[in-house]
Amino acid sequence: MNLNDVLTASRASRDWTPLVDLIPYARFLNMRIEVKGDQFGASLPFDQKLIGNPVLPALHGGAIGGFLECTGLFYLLWHMDSADLPKTINFSFEFLRSGRPEDVYANVFMVKQGQRVAHLRIEAWQSSPDKPIAIGHGNFMLKPATVSEGSP
Amino acid sequence: MPEQSLADELVVQKWQQITVISPYSRELGLTLHSVQPEWCVIKVPYEERLIGNPKTRVIHGGVITALLDSCYGLAIFVRMNKLRGMATLDLRIDYLKPATPGRDILGGAVCYKLNNELAFVRGCAYHDTPDDPIATSAAIFMFTGGPVISLEEAFKA
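Each protein sequence line maps, in turn, to chains D and H. So the first sequence is numbered by this note's numbering: it starts at 1 and just counts up by one. So the second sequence is numbered by this note's numbering: it starts at 1001 and just counts up by one.
Mixed in with the good hints, there may be bad ones.
To be verified - Below, computed lysine-lysine pairings styled on DSBU-like, alpha-carbon distance capped at 35 Å:
hint: 1; chain 1: H; residue 1: LYS1055; chain 2: D; residue 2: LYS112
hint: 2; chain 1: H; residue 1: LYS1055; chain 2: H; residue 2: LYS1113
hint: 3; chain 1: H; residue 1: LYS1097; chain 2: H; residue 2: LYS1113
hint: 4; chain 1: H; residue 1: LYS1097; chain 2: H; residue 2: LYS1055
hint: 5; chain 1: H; residue 1: LYS1014; chain 2: D; residue 2: LYS131
hint: 6; chain 1: H; residue 1: LYS1113; chain 2: D; residue 2: LYS49
hint: 7; chain 1: H; residue 1: LYS1113; chain 2: D; residue 2: LYS131
hint: 8; chain 1: D; residue 1: LYS87; chain 2: D; residue 2: LYS36
hint: 9; chain 1: H; residue 1: LYS1082; chain 2: D; residue 2: LYS143
hint: 10; chain 1: D; residue 1: LYS36; chain 2: D; residue 2: LYS131
hint: 11; chain 1: D; residue 1: LYS87; chain 2: H; residue 2: LYS1156
hint: 12; chain 1: H; residue 1: LYS1097; chain 2: D; residue 2: LYS87
hint: 13; chain 1: H; residue 1: LYS1043; chain 2: D; residue 2: LYS143
hint: 14; chain 1: H; residue 1: LYS1097; chain 2: D; residue 2: LYS49
hint: 15; chain 1: H; residue 1: LYS1082; chain 2: D; residue 2: LYS112
hint: 16; chain 1: D; residue 1: LYS143; chain 2: H; residue 2: LYS1014
hint: 17; chain 1: H; residue 1: LYS1055; chain 2: H; residue 2: LYS1043
hint: 18; chain 1: D; residue 1: LYS131; chain 2: H; residue 2: LYS1156
Hint data in this document are derived by calculation from the structure and do not stem from the laboratory.
My request is simple: use the sequences and hints to build the entire structure.
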C-alpha cells in the first residue's frame, strides 16, 4: 500500500495506526497519532528503551527529538494533501525539562505554510501542555501533489 | 584510516562501556568508532526498523539526532576527562543530503568550549568523511547536579 492510499483510508476510518506502521522508525518508537475534530495530536508511550540517563532516570534527548520530528512529518501529511513525505530541511530542539519515564504528548503549531516550505513548532509535554519538556522548530520542504515524479 | 594502536583500542573499549550506559543508545545499536579529544566518532548501523521513508529506504532523521546527541555527550566527557551529570539544552541539525540506504552512519563531534555551567559542541553525520556530511549540527549542554565521577572510577564500574 502506498502513502496516498493509507492517508485516504486513515482519513475515512480515523484510525491512523496504518500511517504510523508505514514508517518503520515511527513504529520502532511505537508512537501514536490521534485526531480529534481538527486537533492533531501525537503520543509516545513510555518504554524502558527510550531512557537516556538511567540514573535520573530521564528520556533520551534523541528519542524525544525523533518523536518531535516524526510528529511534524505526520502532521504535514495529515494537514496537507502531500503525495510524498515532506523533507526535513533543518530542525532545532530546545530541551526545557528533563523527560520523566512516562508517556510524552506532542502538539503541533503551523507557524508558516508557504508554497514550498512549511515552518512548524512542535511542543512535547508530559504533565500538562503548559509545561513543555521540549520544543522543536523545523523547516520542511513540501512536495506539491500536482507535480508528478520525474518532472522538474 | 590509520591502524589503531593497542592502547587506543583499550581506550575505545572503555569509552564504549560508557556509551552504552544509555538504554536508547543500546537499542539503536550505537558503537564507539574512535575517541580523540578533537573528534569523537560513534557509529549507528543501518537497520530496516530505523527507516524514515519506505520508498527511498533512507534512515530517519531522528536516528541522526540521537546519534549526534550521544556523540556530544561523549565529546564533552572526553574533553573533561571525567563524567558529570548534564542535559541537552539546545540542539540544531541541518540536513544536507539523504543518507545512503544500506550504509552505516558515523557521527562525529567535538566540544569546542567548556565552562563550569555549559559545554558547546558541534558535529556532523557522514558515511566516509566529515568533509562530505549528511547533516551538520551544533548543541549546548548544561551541567546538572550530582557527583563528578573520575574516569578511573567510571572505567572500573
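LYS1014 of chain H and LYS131 of chain D: Cα distance at most 35 Å?
-> 38 Å, violated
Within a Cα-Cα threshold of 35 Å, do LYS36 of chain D and LYS131 of chain D meet the stated pairing?
-> Distance of about 21 Å is within 35 Å: holds.
Holds or violated: LYS1097 of chain H to LYS1113 of chain H, with C-alpha atoms at most 35 Å apart = 28 Å, holds
Within a Cα-Cα threshold of 35 Å, do LYS1043 of chain H and LYS143 of chain D meet the stated pairing?
-> 31 Å, holds
Verify the proposed pairing of LYS1097 of chain H with LYS87 of chain D, using a straight-line Cα cut of 35 Å.
-> OK: LYS1097 of chain H and LYS87 of chain D at ~10 Å, within 35 Å.
Below or equal to 35 Å on CA atoms is what counts here, so check LYS1055 of chain H against LYS1113 of chain H.
-> Violated, at about 41 Å.
Are the Cα atoms of LYS1113 of chain H and LYS49 of chain D separated by 35 Å or less?
-> Between LYS1113 of chain H and LYS49 of chain D the Cα gap is close to 31 Å, so the pair holds against 35 Å.
Satisfaction of hint between LYS112 of chain D and LYS1055 of chain H, Cα-Cα up to 35 Å = 27 Å, holds
Does the structure keep LYS1055 of chain H and LYS1043 of chain H at a Cα separation of 35 Å or less?
-> 24 Å, holds
Hinted pair LYS1097 of chain H and LYS49 of chain D, Cα distance within 35 Å | Roughly 28 Å separates the two Cα atoms, so the pair holds.
LYS1097 of chain H and LYS1055 of chain H: Cα distance at most 35 Å?
-> Distance of about 16 Å is within 35 Å: holds.
Would the pair LYS87 of chain D and LYS36 of chain D pass a check requiring their Cα atoms to be no farther apart than 35 Å?
-> 26 Å, holds
Comparing the model with each earlier hint shows violations of hints 2, 5, 9, 11, 15, 16, 18; every other hint is respected.
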